[in-house]
Amino acid sequence: MLYTSFLNCVTNCLKARLGDSFLVSVEQIPKNNGTAADALCIRHKLESASPTIYLKPYYDAFCSGIPLNDILDHILELYRSTILPSSMNLTPLNTLSDIQTKVVFRAINASANRSLLSSSPHAIWPDLDLAFVFYLFLLDSQEGQLASLITRENQQSWKVSDRQLLELSMTNTPRLLPLSFQSLSQVIGQDLGSSSSCYDASFPLYVLSNRNGIYGAGAMFYPNALSRAAIEMKCEKLFILPSSVHEVLLTPYWEQISCRQLADTVYQINTEEVPVEDRLSNHIYTYSLK
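Numbering (our numbering), first residue to last: 140 to 429.
If you are wondering where the hints come from, they were derived from the structure by calculation, not from laboratory data.
Be aware that one or more of the hints could be misleading.
Ranges of calculated distance between the beta carbons of each label pair, as one might list FRET restraints [claimed, not checked]:
no.: 1; residue 1: Gly173; residue 2: Gln400; range: 15 to 21 Å
no.: 2; residue 1: Gln303; residue 2: Ser397; range: 38 to 44 Å
no.: 3; residue 1: Arg291; residue 2: Asn147; range: 44 to 50 Å
Result set (DSS-like, lysine-lysine): computed pairs, CA atoms no more than 25 Å apart in a straight line [said to hold, decoys possible]:
no.: 4; residue 1: Lys241; residue 2: Lys298
no.: 5; residue 1: Lys298; residue 2: Lys376
no.: 6; residue 1: Lys195; residue 2: Lys170
no.: 7; residue 1: Lys429; residue 2: Lys373
no.: 8; residue 1: Lys195; residue 2: Lys241
no.: 9; residue 1: Lys170; residue 2: Lys241
Every residue, glycine too, gets a C-beta built ideally from N, C-alpha and C.
Hey, can you work out the whole structure from these sequences and the hints?
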């Protein structure tokens with residue numbers, strides 16, 4: 140079954156299962172780096188919001204042999220278990236005072252997101268080819284996060300400038316999404332449930348992110364984040380390797396290491412292993428305490 144036929148089939152089958160009280164549709168959701176993803180929206184006619192259920196993983200499961208009825212069952216189970224904003228007691232978001240403690244930033248690639256930046260308030264870091272876009276951070280729980288992109292329309296409604304949003308986000312983001320700094324050996328050990336022997340201590344790598352690991356690469360812009368990392372790593376200069384929008388890797392700066400070779404490695408990993416929507420940059424950066 141072709142992908143478009145799968146989308147139509149899932150939509151029609153769910154409409155038949157749920158009945159006339161529910162609205163079921165597929166929408167394209169803009170993602171990072173100019174990509175988009177097909178998402179299923181299921182909403183009861185008395186509800187004002189619906190969860191976003193991405194369909195590509197379900198199509199992959201179908202192609203691997205999972206029966207369609209099992210996929211439909213899983214989608215409905217996910218929908219029914221999702222907490223909707225109407226049950227979260229969200230406060231009104233009509234004025235600057237309503238949102239000023241909720242504005243956070245996400246670091247993205249500037250050149251790959253020109254369309255997004257044209258319709259959203261942002262801050263550009265031209266020397267790094269990076270940009271900040273701003274979100275309202277509305278919920279962080281075991282079920283997941285709820286964040287909403289701040290658009291130009293929102294900005295005009297709240298009468299707030301790009302500069303004000305940047306200042307608010309620089310205060311709020313480290314508070315709402317605290318820094319995480321660990322050696323790669325610690326991260327690998329956590330993933331494996333024990334210490335790992337596959338870590339190469341001769342080339343120490345450290346992972347800088349936020350505590351939930353979602354859009355955590357921006358943590359390198361937290362006040363004193365890189366200086367504290369350098370001190371803990373006992374070095375005066377760092378290489379910063381943009382692993383993805385979710386994290387960066389840090390390693391001590393060594394004169395013997397070729398910057399060109401590191402950049403080629405980052406490019407190769409981005410091309411072969413990192414999904415397009417998760418890529419931050421093909422460049423490497425340096426930081427110095429001096």
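Verification of the supplied hints:
1. Gly173 x Gln400: 15 to 21 Å: The hint (15 to 21 Å, Cβ to Cβ) is violated, given that Gly173 and Gln400 are roughly 29 Å apart.
2. Gln303 x Ser397: 38 to 44 Å: Because 42 Å falls inside the window, the suggested range holds.
3. Arg291 x Asn147: 44 to 50 Å: 34 Å, violated
4. Lys241 x Lys298: 16 Å, holds
5. Lys298 x Lys376: Not OK: Lys298 and Lys376 at ~41 Å, beyond 25 Å, violated.
6. Lys195 x Lys170: 14 Å, holds
7. Lys429 x Lys373: 14 Å, holds
8. Lys195 x Lys241: 31 Å, violated
9. Lys170 x Lys241: Distance ~21 Å between Lys170 and Lys241 Cα, so the pair holds.
Checked against the numbered hints given earlier, the structure breaks hints 1, 3, 5 and 8 and satisfies all the rest.
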